[in-house]
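Enquirer: Protein chains in written order, with my numbering: chain D, 1103 to 1414; chain H, 156 to 515.
Hints listed in this document are in silico derivations from the structure and should not be mistaken for laboratory results.
Quick caveat, the model's predicted, so the values are computed rather than measured.
Yeah, the Cβ is synthetic: ideal placement off N, Cα and C, and Gly gets one too.
Watch out, some of these pointers could steer you wrong.
Claimed, not checked - Here are some chain D residues the structure puts well away from chain H; computed CB gaps all over 12 Å:
| id | residue |
| --- | --- |
| 1 | L1150 |
| 2 | A1309 |
| 3 | A1318 |
| 4 | T1362 |
Unchecked claim - Derived list of chain D stretches under chain H, where covered just means 3 residues or more per stretch with a C-beta under 8 Å from a C-beta of chain H:
| id | region |
| --- | --- |
| 5 | 1175-1188 |
| 6 | 1244-1256 |
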Amino acid sequence: MADQATASSVAGFDAVRAPASEAWGPRPRRALSRRNIIIYGTLTVVALYYLLPLYVMIVTSLKGMPEIRMGNIFSPPMEITFEPWVKAWATACTGLNCEGLSRGFWNSVRITVPSVIISILIASVNGYALANWRFRGADIFFTILIVGAFIPYQVMIYPIVIILREMGLYGTLTGLVMVHTIFGMPILTLLFRNYFASVPEELFKAARVDGAGFWAIYFKIMLPMSLPIFVVAVILQITGIWNDFLFGVVYTKPDVYPMTVQLNNIVNSVQGVKEYNVNMAATLLTGLVPLIVYFISGKLFVRGIAAGAVKG
Amino acid sequence: MSSVIVRDVSLNFGAVEVLRSLNLDVAEGEFIVLLGPSGCGKSTLLNCIAGLLDVSQGQIFIKGKNVTWEEPKDRGIGMVFQSYALYPQMTVEGNLSFGLKNAGLPRDEIAKRVARASEILQIQPLLQRKPAALSGGQRQRVAIGRALVRDVDVFLFDEPLSNLDAKLRSELRVEIKRLHQKLANTMIYVTHDQIEALTLADRIAVMKGGVIQQLDGPQAIYNRPVNRFVAGFIGSPGMNFLEGQVSRDGAPGFLVGDLRIPLDRYEFSVANAAGAASLGIRPEHVALDEAGAAMPFSLETVVEIVEPMGSDTLVWTTLGGHNFTFRAPSERTLRLRERVTIGFDPARASLFDAGTDMRL
């Protein structure tokens, strides 16, 4: 800040001293203009607003219980301890079993990975067919699919329970994977359809003249061109499915509960002392996966969204 | 033998009629240009021939085989698109060989054909590049090559030069013409650019509203347009039209304002034509000064606007109450409001019925 201030005052001094005050070259910009103050001020406030709770969580998770009881939630830990993290991962109790979040983590992985892969594969083919092969009834099919995106999940919970029971999949991971795949379909299909619709139609025609069929065009022409939109879909699905609580708690049984449900059970357990540090560590652990995904692919994510927005 | 036959083809998109019972016979090795304003159905017709659009009615034959229901790849056609439509993730070589790989050709045959096409089009140094690293002209050359490697009977061009700048366009135009002379394939070429049409075509099909208005050689299209639309569409700057009456009192003449233009040298297409009509004269058929005075019809007029175009000068004036343009040699200096003598030969004019717009 100090550097910027000096720089701007020097520039201002130069402008005054220069006798020929005719405009020449780039327009002068001051670092401390009113505009910049408002923009950066707002950004700082908003960033603080979101980062403060995260700070409290991290700090609390690194404190021991005696220190927490002193009540200074903003003060940094006097003695850093990783014990709450270890306990949250390995030994925290939910009901009868005391394996911590680790089992929930692996359950969530076993739910998320197949759901993401299957839903994206199906939705991308859907979107491709809807955008490029205008088959009979395509518009009606698409409308029905989109309407599906606007119906609240809660309406469908009980009917799906019955369907899964009849199929013998109730309470299993397979059943939950199926539910996630189906519920991801409308929005993902819309995403892929709009992306493929933005691919020049002549490219598709050229491939047809070159003798490529439905699958050849999909795999050899369309897929290699659509990495950004696949990244967007992967991020949407990983965060959506990993963070899901409702389907997890309704359609699975305690031994296959996903991480989010288990987190809830740890945090909301009523017996004993409330171990705030363990709760914070457990919450951070659960949120870590979507966070890592964002950090790795953030740039591609923005690019994919923008590509769809500009052309679609 | 006919190479491509389009028989009674109609195409409707819902209630919109894009092609109306259209017939077209393309001879073996002929270069046909489909010319017309945007929305006239020329690209649609090409897509129907390619098999990218299903026709609503009618048949399409290529090399004597009924291909109306065939897939594009089975029709023996190669197509070049306006936007090049090169596969962006493949190299030039990949683009050229994609169709051959789909057809399941042996690898050495693919290599041989790619080598031959890249030699003809002089794109050998570019074979390992991606399309993004090519210039517009190079991309279009690769797109032509993609049609070339497939050893097809018929080449279809869908406004292939429209995305290029003027200089490149004229270069590639010559190259396409050279290619046609070398390969002697049948070529069907869609464009809205009349210069491309006139320079390339053996025959031009001028289209409007899904109907071929006139199908003829470039000279005939230019000199003897069958109706007013063709007359106005071909030629740049456009033809002058004078609205008036054909009079049959004594020798035939054309009355416009207080002028009488003699028509005894005009070759009528319709016997005893008379009544309201419009007379079309091309700006380049008007002569100036002594040459103009020597013409069968001449008059004195006033220069209103001068547009120097380099090779010649376009001059705006008034004739019989209508705006009238003519081309003057660029070395003749013309001043505003100068009185000049102009003249033309009515034998080179075109006369159209005022009601039906057909040639008289």
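Enquirer: Taking the hints in turn, state whether each one holds.
Expert: Consistency of the hints with the structure:
| no. | hint | result |
| --- | --- | --- |
| 1 | L1150 | 43 Å, holds |
| 2 | A1309 | 7 Å, violated |
| 3 | A1318 | 6 Å, violated |
| 4 | T1362 | 39 Å, holds |
| 5 | 1175-1188 | violated (count 0) |
| 6 | 1244-1256 | violated (count 0) |
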